[in-house]
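*Asks:* Heads up: the protein sequence lines correspond to chains A and B, in order. Going by my numbering, the first sequence opens with residue 1, and the numbers climb by one from there. Going by my numbering, the second sequence opens with residue 1001, and the numbers climb by one from there.
Keep in mind that the hints were calculated from the coordinates and are not lab data. No experiment lies behind these values; they were computed from the predicted model shown. Treat the hints with caution; some may be incorrect.
[Said to hold, decoys possible] Pairs of lysine to any residue, SDA-like flavour, derived with a Cα cap of 20 Å:
no. : chain 1 : residue 1 : chain 2 : residue 2
1   : A       : K45       : B       : I1093
2   : B       : K1043     : A       : L78
3   : A       : K45       : B       : G1044
4   : A       : K42       : B       : A1040
5   : A       : K45       : B       : Y1032
6   : A       : K42       : B       : S1007
7   : B       : K1043     : A       : Y32
8   : B       : K1043     : A       : D1
9   : A       : K45       : B       : W1033
10  : B       : K1043     : A       : G100
11  : B       : K1067     : A       : G100
12  : A       : K45       : B       : P1041
13  : A       : K42       : B       : K1067
14  : B       : K1065     : A       : I75
15  : A       : K45       : B       : K1067
16  : A       : K45       : B       : K1065
17  : A       : K45       : B       : G1100
18  : B       : K1043     : A       : D70
19  : B       : K1003     : A       : G41
20  : B       : K1003     : A       : H38
21  : A       : K103      : B       : P1041
[What the hints assert, rightly or not] Which stretches of chain B does chain A cover? Using the computed rule of at least three CB atoms under 8 Å from a CB of chain A, they are:
no. : stretch
22  : 1014-1023
23  : 1055-1068
24  : 1105-1112
Each residue gets a CB set at the ideal place from its N, CA and C atoms; glycine is no exception.
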Amino acid sequence: DIQLTQSPSSMSASLGDRVSLTCQSSQGIGNYLSWYQHKPGKPPKPMIYYATNLADGVPSRFSGSRSGSDYSLTISSLESEDTAIYYCLQYDEYPRTFGGGTKLELK
Amino acid sequence: EVKLVESGGGLVQPGRSLKLSCAASGFSFNDYWMGWVRQAPGKGLEWIGEINQDSSTINYTPSLKDKFTISRDNAQNTLYLQMSKLGSEDTAIYYCARQGYVMDAWGQGASVTVSS
Chain A
1 DIQLTQSPSS
11 MSASLGDRVS
21 LTCQSSQGIG
31 NYLSWYQHKP
41 GKPPKPMIYY
51 ATNLADGVPS
61 RFSGSRSGSD
71 YSLTISSLES
81 EDTAIYYCLQ
91 YDEYPRTFGG
101 GTKLELK
Chain B
1001 EVKLVESGGG
1011 LVQPGRSLKL
1021 SCAASGFSFN
1031 DYWMGWVRQA
1041 PGKGLEWIGE
1051 INQDSSTINY
1061 TPSLKDKFTI
1071 SRDNAQNTLY
1081 LQMSKLGSED
1091 TAIYYCARQG
1101 YVMDAWGQGA
1111 SVTVSS
């Protein structure tokens, strides 16, 4: 199975900060990576698909990028509503696999 | 409005079976792959599997393939997850999701607790 390693596992940042979360794949998956935001008591919400494409309704302060087997989710200016756990998911091969998640909190 | 509603969760004894349903509305159900994802308490998301539009292709995560069965009824716009030989490790919130470019619509989740 493809392993996705997310870093950091948790972090805190201040309002207005630029925040970058990373997801590293154990093998090549091309751009077949998506990001999800998950808040307590709610279902996950898609944020990014195909590594760099913004999902419907996602604010433009979110962006996705790729460098080799490293994928990043960046928030250009952190807002309070962005606190959540973020997961990456690869959909290049079966079984699909999620990363372990990054918990993002406000400082 | 796209809507997915899971049902069938609850408390079940170890070793028993349980079947979850996911009722879809607001979109053409038979045009989409559908899938299941779960989250155990204090753990991350786990992909369970997915099924294509006419049920001819079903993929599972290997560790659950012998315990879980995904099916669908396009006439009833409903997705199912049949779970057997349940153990405490299967205690989780179970989500159904529509598979487009991304899992773009999710249900609110069904809680399953496996305990004697």
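*Asks:* For this structure, which hints from the list above don't hold up?
*Replies:* 2, 7, 11, 13, 14, 15, 16, 18 and 22
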